[in-house]
Amino acid sequence: MRILIADDHPIVRHGLKQVLAADPSATVVGEATNGDEALEMARSLQWDMAIFDFSMPGRSGLDLLGDIKREFPGKPVLILSMHSEDVHGSRVLRGGAAGYITKESAPTELTTAVRKVANGGKYVSASLAEILASECSSDPQKALHEKLSDREYRVMWLLATGKQISEIAKEMGLSPSTVSTYRTRILRKLSLTSNAALVHYAVRHQLVG
Amino acid sequence: MNSAVEALADFKAEPVADATSQAKILLVDDEPKSLYALQELLSTLGQNLMIAQSGEEALRLALKNDFAVILLDVRMPGIDGFETAKLIRSRERSKLTPIIFLTAAADEMASMFRGYQVGAVDYLMKPVVPEVLKSKVAVFVELHAKSERLRESEEKLRRLAAHLISVREEERAHIAREIHDELGQVLTGLKMEVGWLAKRLKDKDLIDKTDSMGKLIDSTVQTVRKIATGLRPEMLDDMGLIAAVGWQAKEFQKRTGIRCRVKLPPEVKLDIDVSTTMFRIFQEILTNVARHSRATRVEIELVVAEDRVTLDVADNGVGISDSDMSGKKSLGLLGMHERALLFGGDVKISGTPNHGTRVGVAIPLKGKA
Numbered sequence: 001m002r003i004l005i006a007d008d009h010p011i012v013r014h015g016l017k018q019v020l021a022a023d024p025s026a027t028v029v030g031e032a033t034n035g036d037e038a039l040e041m042a043r044s045l046q047w048d049m050a051i052f053d054f055s056m057p058g059r060s061g062l063d064l065l066g067d068i069k070r071e072f073p074g075k076p077v078l079i080l081s082m083h084s085e086d087v088h089g090s091r092v093l094r095g096g097a098a099g100y101i102t103k104e105s106a107p108t109e110l111t112t113a114v115r116k117v118a119n120g121g122k123y124v125s126a127s128l129a130e131i132l133a134s135e136c137s138s139d140p141q142k143a144l145h146e147k148l149s150d151r152e153y154r155v156m157w158l159l160a161t162g163k164q165i166s167e168i169a170k171e172m173g174l175s176p177s178t179v180s181t182y183r184t185r186i187l188r189k190l191s192l193t194s195n196a197a198l199v200h201y202a203v204r205h206q207l208v209g
Numbered sequence: 001m002n003s004a005v006e007a008l009a010d011f012k013a014e015p016v017a018d019a020t021s022q023a024k025i026l027l028v029d030d031e032p033k034s035l036y037a038l039q040e041l042l043s044t045l046g047q048n049l050m051i052a053q054s055g056e057e058a059l060r061l062a063l064k065n066d067f068a069v070i071l072l073d074v075r076m077p078g079i080d081g082f083e084t085a086k087l088i089r090s091r092e093r094s095k096l097t098p099i100i101f102l103t104a105a106a107d108e109m110a111s112m113f114r115g116y117q118v119g120a121v122d123y124l125m126k127p128v129v130p131e132v133l134k135s136k137v138a139v140f141v142e143l144h145a146k147s148e149r150l151r152e153s154e155e156k157l158r159r160l161a162a163h164l165i166s167v168r169e170e171e172r173a174h175i176a177r178e179i180h181d182e183l184g185q186v187l188t189g190l191k192m193e194v195g196w197l198a199k200r201l202k203d204k205d206l207i208d209k210t211d212s213m214g215k216l217i218d219s220t221v222q223t224v225r226k227i228a229t230g231l232r233p234e235m236l237d238d239m240g241l242i243a244a245v246g247w248q249a250k251e252f253q254k255r256t257g258i259r260c261r262v263k264l265p266p267e268v269k270l271d272i273d274v275s276t277t278m279f280r281i282f283q284e285i286l287t288n289v290a291r292h293s294r295a296t297r298v299e300i301e302l303v304v305a306e307d308r309v310t311l312d313v314a315d316n317g318v319g320i321s322d323s324d325m326s327g328k329k330s331l332g333l334l335g336m337h338e339r340a341l342l343f344g345g346d347v348k349i350s351g352t353p354n355h356g357t358r359v360g361v362a363i364p365l366k367g368k369a
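Taken in sequence, the protein lines are chains S and X. End of the first sequence sits at 209 in this note's numbering; the numbers just go up one at a time, nothing left out. End of the second sequence sits at 369 in this note's numbering; the numbers just go up one at a time, nothing left out.
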């Protein structure tokens with residue numbers, strides 16, 4: 001497995017090589033320090049797989065990925081990024097990458113990802129998978145919280161962030177009893193029984209941040 | 001009457017500093033003799049006197065010059081004084097230019113009213129009293145100079161504001177990049193080193209220790225990301241305005257529990273400065289929604305047309321009032337206007353009590369028009 005790596009930070013390149021060294025079948029054949037160099041190396045070297053940093057000086061990100069995929073459509077490119085998955089993840093995959101890993105998860109995920117991608121598969125981390133899944137569920141009826149009215153949704157959010165009924169009433173300009181009524185209705189619509197379950201629901205569906 | 005004339009005659013215009021600050025005065029009369037007399041009379045004011053012998057000529061000059069005042073003879077062959085005044089006033093550039101009509105004493109009062117209707121600020125009977133004419137003209141010259149100075153200082157303030165906005169934006173982007181790239185990459189390297197170490201350890205206590213070090217590094221990376229994104233969202237530079245607006249709306253909903261319905265166009269590359277401007281205005285709008293509106297829903301629509309990009313944000317909250325908009329706390333709104341103005345755009349804000357606030361932003365796209 002001949003691997004091309006590109007990252008403008010020596011410390012990261014060093015780390016990458018270290019992580020890859022654990023896999024005896026992997027050999028780093030080229031180390032580019034920016035996007036243009038990466039493209040040059042891709043043209044002049046023999047390689048099976050590329051691991052690129054998403055943001056580098058010069059050509060980088062989706063542009064570089066696009067170039068590589070055009071010239072070497074069959075070869076897998078793994079994108080590493082400082083950014084969390086929700087920012088770039090799905091776009092990078094749509095742009096033709098074989099996988100997307102955040103840099104902090106590289107030590108634990110990189111070797112798995114490399115192996116998976118080398119066999120022609122795609123590598124998606126657990127958290128990115130969740131994001132992709134939620135993007136795919138384009139039918140808004142599927143999520144229970146989509147059935148809440150706008151006002152119920154906000155009350156739900158305030159409850160989920162630990163606000164008391166009285167605080168919510170004040171914040172929304174409603175009476176406490178109205179807020180209580182909303183709470184009952186929200187729990188029923190979400191098929192929940194307690195505030196704790198509601199918090200759990202909100203966290204699981206990434207409704208609070 | 002006499003004392004009034006004397007009082008006016010006592011009025012002296014400020015001395016003119018240099019040729020560039022000379023005010024332009026237009027004298028219009030079909031009789032060369034009258035023009036000559038007017039020129040002679042007003043030459044002592046030290047201003048730039050221009051002459052026209054017909055309404056047509058006056059119009060041409062008014063198209064190219066900003067006059068402090070126009071002295072206009074009523075009776076002229078061709079386009080008469082009234083018609084000339086009407087046409088001058090109908091042009092954007094000269095719609096506020098003061099016009100003093102010169103008329104023969106024999107003319108009726110009725111024609112005087114007509115004169116005021118078409119924008120005359122004053123009337124002088126021929127033959128004119130030199131002192132009266134001079135002092136009246138001097139008043140307008142002074143007024144003109146003052147409004148010029150005001151315009152200049154407004155212009156300067158605007159340029160200063162623009163400069164501050166762009167400097168701040170550059171600085172934020174720079175700091176964000178430094179923090180994110182430098183600090184972030186070092187942390188990444190550190191994480192990899194710790195990972196390397198962990199794999200070689202056998203002692204459970206030591207492995208636990210490296211685990212917690214790894215977690216600590218992860219949470220520091222999160223913090224670095226949060227700080228950098230707060231300063232300048234990487235989305236904007238990497239993915240463009242459209243993706244960034246969608247992302248910001250999602251973040252906003254997560255952070256406030258106020259639902260966002262977003263309509264976005266297909267992704268296109270837009271000028272980065274226009275994108276930044278639009279994005280910052282969008283953030284300011286959302287900040288206002290979260291702070292003041294009590295809204296439970298925000299509808300956001302971004303449209304990219306041939307020649308401009310528009311953003312429409314409507315909430316269902318209490319609705320902004322006119323006093324909110326003009327109040328001392330409206331600096332944020334002023335900032336939005338200034339940012340948009342910098343790129344020739346505009347921001348329209350309207351509120352309906354208990355039905356919400358709507359903000360419309362339009363920014364022209366240069367080079368695409």
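Hints were generated in silico from the structure; no laboratory data involved. Yeah, the Cβ is synthetic: ideal placement off N, Cα and C, and Gly gets one too. Check before you lean on any hint, since a few could be wrong.
Simulated crosslink set (DSS-like; lysine-lysine; CA at most 25 Å straight-line) [to be verified]:
no.	chain 1	residue 1	chain 2	residue 2
1	S	K116	X	K199
2	X	K209	X	K199
3	X	K146	X	K156
4	S	K189	X	K146
5	S	K75	S	K122
6	S	K163	X	K156
Label pairs and their calculated CB-CB ranges [what the hints assert, rightly or not]:
no.	chain 1	residue 1	chain 2	residue 2	range
7	X	E299	S	E171	18 to 28 Å
8	X	K250	S	H14	27 to 37 Å
9	S	P10	X	K250	30 to 40 Å
10	S	A129	X	L331	43 to 53 Å
11	S	H14	X	S166	17 to 27 Å
12	S	E40	X	L331	43 to 53 Å
13	X	I272	S	L132	37 to 47 Å
14	S	L132	X	D273	30 to 40 Å
Partial selection, computed: residues in chain X whose CB lies under 8 Å from chain S [claimed, not checked]:
no.	residue
15	Y116
16	K215
17	V221
18	I227
19	M239
20	I258
21	R259
22	V262
23	R294
24	T296
25	R297
26	N316
Hints, verified against the model:
Among the hinted pairs, K116 (chain S) with K199 (chain X) is consistent with the structure: their alpha-carbon atoms are about 21 Å apart, no more than 25 Å. Simply put, K209 (chain X) and K199 (chain X) have alpha-carbon atoms about 12 Å apart, close enough for the 25 Å limit, and the pair holds. Among the hinted pairs, K146 (chain X) with K156 (chain X) is consistent with the structure: their alpha-carbon atoms are about 15 Å apart, no more than 25 Å. Using a Cα cut-off of 25 Å, the hinted pair K189 (chain S) and K146 (chain X) is violated, with the two alpha carbons roughly 67 Å apart.
Between K75 (chain S) and K122 (chain S) the CA atoms are separated by roughly 12 Å; this keeps the pair inside 25 Å, and the hint holds. For the hint pairing K163 (chain S) with K156 (chain X), the CA-to-CA distance comes to about 48 Å; that exceeds 25 Å, so the pair is violated. A beta carbon spacing of about 21 Å between E299 (chain X) and E171 (chain S) agrees with the range 18 to 28 Å that was offered as a hint. The hint said 27 to 37 Å for the Cβ distance between K250 (chain X) and H14 (chain S), and at roughly 36 Å that hint holds.
Range check, P10 (chain S) to K250 (chain X): about 35 Å between beta-carbon atoms, so the 30 to 40 Å window is met. For A129 (chain S) and L331 (chain X), the Cβ-Cβ distance of about 45 Å falls inside the hinted range of 43 to 53 Å, so the restraint holds. Between H14 (chain S) and S166 (chain X) the Cβ separation comes to about 38 Å, which falls outside the hinted range of 17 to 27 Å. Between E40 (chain S) and L331 (chain X) the C-beta distance comes to about 51 Å, which sits within the given range of 43 to 53 Å.
Here the CB-CB span from I272 (chain X) to L132 (chain S) is close to 28 Å, at odds with the stated 37 to 47 Å. At about 33 Å, the beta-carbon gap between L132 (chain S) and D273 (chain X) stays in the expected band of 30 to 40 Å. A cut of 8 Å between beta carbons decides the hint on Y116 (chain X): the least distance to chain S is about 53 Å, and the hint is violated. For K215 (chain X), the interface hint is violated, since its Cβ never comes within 8 Å of a Cβ in chain S; the closest pair sits about 10 Å apart.
Contact between V221 (chain X) and chain S, as hinted, is supported at the beta carbon level, the nearest pair being about 5 Å apart and thus within 8 Å. Look at I227 (chain X): its Cβ only gets to about 13 Å from chain S, farther than 8 Å, so that hint breaks. Given hint, M239 (chain X) at the interface with chain S, holds; its Cβ is 6 Å from that chain's nearest Cβ, closer than 8 Å. Proximity of I258 (chain X) to chain S holds as hinted, the smallest CB-CB distance being about 6 Å (cut-off 8 Å).
The interface hint given for R259 (chain X) holds, since its Cβ lies 5 Å from the closest Cβ of chain S, which is under the 8 Å cut-off. Proximity of V262 (chain X) to chain S is violated relative to the hint, the smallest CB-CB distance being about 13 Å (cut-off 8 Å). A hinted interface residue such as R294 (chain X) counts as satisfied when its beta carbon comes closer than 8 Å to some beta carbon of chain S; here the least separation is about 6 Å, so the hint holds. Evaluation of the T296 (chain X) hint against chain S yields a held restraint, the C-beta minimum of about 4 Å falling below 8 Å.
The criterion of a C-beta within 8 Å of any C-beta in chain S is met by R297 (chain X), whose closest approach is roughly 4 Å, and the hint holds. The closest approach between the C-beta of N316 (chain X) and any C-beta of chain S is roughly 7 Å, which is under the 8 Å cut-off, so the hint is satisfied.
Hint compliance for this structure: hints 4, 6, 11, 13, 15, 16, 18 and 22 are broken, all remaining hints hold.
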